[in-house]
Amino acid sequence: MKHINTVETRNLCESAKVGGCGECQTSCQSACKTSCGIANQKCNGQKKEEK
Amino acid sequence: MIHQYKCGGQNIVLDVNSGAVHTVDDVAYDLIAGYETEDREALIDSVYAAHRDEPDVTRGEVAACYDEIGELKAAGKLFTPDPFRPIAGALKAKSAGVVKALCLHVAHTCNLNCEYCFASQGKFHGERALMSFETGKAALDFLVAHSGTRCNLEVDFFGGEPLMNFSVVKALVAYARSIEQAAGKNFRFTLTTNGMLIDDDVIDFANRECVNVVLSLDGRKEVHDRFRVDGAGRGSFERIVPKFQRLVEKRGGKNYYMRGTFTHFNPDFLKDIETMLDLGFNELSMEPVVCAPGDPYALTDEDLPVVMEQYEKLAELMIRRRREGRPFTFYHYMIDLKGGPCIYKRISGCGSGTEYMAVTPWGDLYPCHQFVGEEKYRLGDVWQGVTNTAAQSEFAACNVYAHKECESCWARLYCSGGCAANAYHATGSVTGVYETGCKLFRKRMECAIMAEIVRLQEEA
Numbered sequence: 001m002k003h004i005n006t007v008e009t010r011n012l013c014e015s016a017k018v019g020g021c022g023e024c025q026t027s028c029q030s031a032c033k034t035s036c037g038i039a040n041q042k043c044n045g046q047k048k049e050e051k
Numbered sequence: 052m053i054h055q056y057k058c059g060g061q062n063i064v065l066d067v068n069s070g071a072v073h074t075v076d077d078v079a080y081d082l083i084a085g086y087e088t089e090d091r092e093a094l095i096d097s098v099y100a101a102h103r104d105e106p107d108v109t110r111g112e113v114a115a116c117y118d119e120i121g122e123l124k125a126a127g128k129l130f131t132p133d134p135f136r137p138i139a140g141a142l143k144a145k146s147a148g149v150v151k152a153l154c155l156h157v158a159h160t161c162n163l164n165c166e167y168c169f170a171s172q173g174k175f176h177g178e179r180a181l182m183s184f185e186t187g188k189a190a191l192d193f194l195v196a197h198s199g200t201r202c203n204l205e206v207d208f209f210g211g212e213p214l215m216n217f218s219v220v221k222a223l224v225a226y227a228r229s230i231e232q233a234a235g236k237n238f239r240f241t242l243t244t245n246g247m248l249i250d251d252d253v254i255d256f257a258n259r260e261c262v263n264v265v266l267s268l269d270g271r272k273e274v275h276d277r278f279r280v281d282g283a284g285r286g287s288f289e290r291i292v293p294k295f296q297r298l299v300e301k302r303g304g305k306n307y308y309m310r311g312t313f314t315h316f317n318p319d320f321l322k323d324i325e326t327m328l329d330l331g332f333n334e335l336s337m338e339p340v341v342c343a344p345g346d347p348y349a350l351t352d353e354d355l356p357v358v359m360e361q362y363e364k365l366a367e368l369m370i371r372r373r374r375e376g377r378p379f380t381f382y383h384y385m386i387d388l389k390g391g392p393c394i395y396k397r398i399s400g401c402g403s404g405t406e407y408m409a410v411t412p413w414g415d416l417y418p419c420h421q422f423v424g425e426e427k428y429r430l431g432d433v434w435q436g437v438t439n440t441a442a443q444s445e446f447a448a449c450n451v452y453a454h455k456e457c458e459s460c461w462a463r464l465y466c467s468g469g470c471a472a473n474a475y476h477a478t479g480s481v482t483g484v485y486e487t488g489c490k491l492f493r494k495r496m497e498c499a500i501m502a503e504i505v506r507l508q509e510e511a
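Protein chains in written order, with my numbering: chain A, 1 to 51; chain B, 52 to 511.
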């Protein structure tokens, strides 16, 4: 009997090894200009992790 | 640290430091709640006692579930300790000295007179002014010169109303396009407009050059026209909606956002979202008003339960319309669990004052558009660069761990410590926190993650 389903997510610890390229969009430029939306941004580095 | 909550019929458990997300049954939900604090056998007994009348629940099954939790913990997907705090400064320092985004205030003037405008009707508490081409060109040169190895450079045309200086906007884009290839850069332009001056020329330009346009519309006509009025006090709804519809119709799938503001007078903002949908718009953003607590339109503590319920109903509406083949996007619910930002971004925040700055019509640099006019935060200008290094160092040190309130918050790696301007205006310090904003953010994240889980389940 399966009690727990783990959703596929980006592992933040792994992202420390390849992230930080800075090419992603500045959050405040993307829509609201008044409240932070870091979580709504999309990742270069992800491709490196998948390799 | 974990966070567990129930929303939209789901039991959801978030592992804060690894970013892992789990959906669990009621037995696992209760076991996880006591896993770190209670004795194994006592916890299994109490959870079994609570669920023994449910189908397929035996004590052995509860014990097996307990062990499953232990395996996830060992795998670094539950109760993961925080490895980032000691290296937070180093993570943010990776982008030190690099500027990659500018908010160009091409017009400190506006053709609307919105009472709730944080920019004081576009003047930012100063004189009316338009940016000259020469100043804008110097800003773009400053950006290229300080962008290091960054390829993607972002420039938002902002105001006031930027289309009141449209000839300069067009000239600046043409200049940027003329230098970007040789500089090895990719300019990404965005435009934030109230819509009053949109015509076919603007539409062709925006749809050709801007990766995103932000269109100000508050929803229902009576809601929109309460605040968004011209100098004679006449509402703008009837004049701008057809222009927005024409722009979006010709946009050909490129990004846009209808950007509304809700206030104390419409905490039931879902009706405004539905109005936008009825008007044919389906990329939406609806934000709480930014203002002083004593303003008549400021959200009150009594409004918050209404707003929280609206966020839940909004998630339900998104799910329902997607199932019906009529999807729409809500900016704060666009969460990509697999392809979201790396830990560097989550620690560093929006980059205001370091990699993101605002430029006034006179070429002055400020940490972001919401700090313009705060003289102590004037960083320098586009000709001399950053000269107020003391002010900039406040922002360089402003990572998620600089906010002591964030230490106990499960959402810290989703919000990255929140908006420095909101914190400053609420507490007088960029390392404070805007509590009301935090409450709203946490609710939005809970709803966003739930909606994304449901989407993934249904598309699996």
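Don't read these hints as lab results, they were simulated from the structure.
Each residue gets a CB set at the ideal place from its N, CA and C atoms; glycine is no exception.
Some hints here could point you the wrong way.
Pairwise CB distance ranges, derived in the manner of DEER restraints [unchecked claim]:
| no. | chain 1 | residue 1 | chain 2 | residue 2 | range |
| --- | --- | --- | --- | --- | --- |
| 1 | A | K17 | B | L355 | 37 to 45 Å |
| 2 | A | K17 | B | E92 | 49 to 57 Å |
| 3 | B | A101 | A | K17 | 40 to 48 Å |
| 4 | B | T88 | A | M1 | 38 to 46 Å |
Hint check:
{"no.": "1", "hint": "A/K17 / B/L355: 37 to 45 Å", "result": "holds (40 Å)"}
{"no.": "2", "hint": "A/K17 / B/E92: 49 to 57 Å", "result": "violated (40 Å)"}
{"no.": "3", "hint": "B/A101 / A/K17: 40 to 48 Å", "result": "holds (42 Å)"}
{"no.": "4", "hint": "B/T88 / A/M1: 38 to 46 Å", "result": "violated (25 Å)"}
Comparing the model with each earlier hint shows violations of hints 2 and 4; every other hint is respected.
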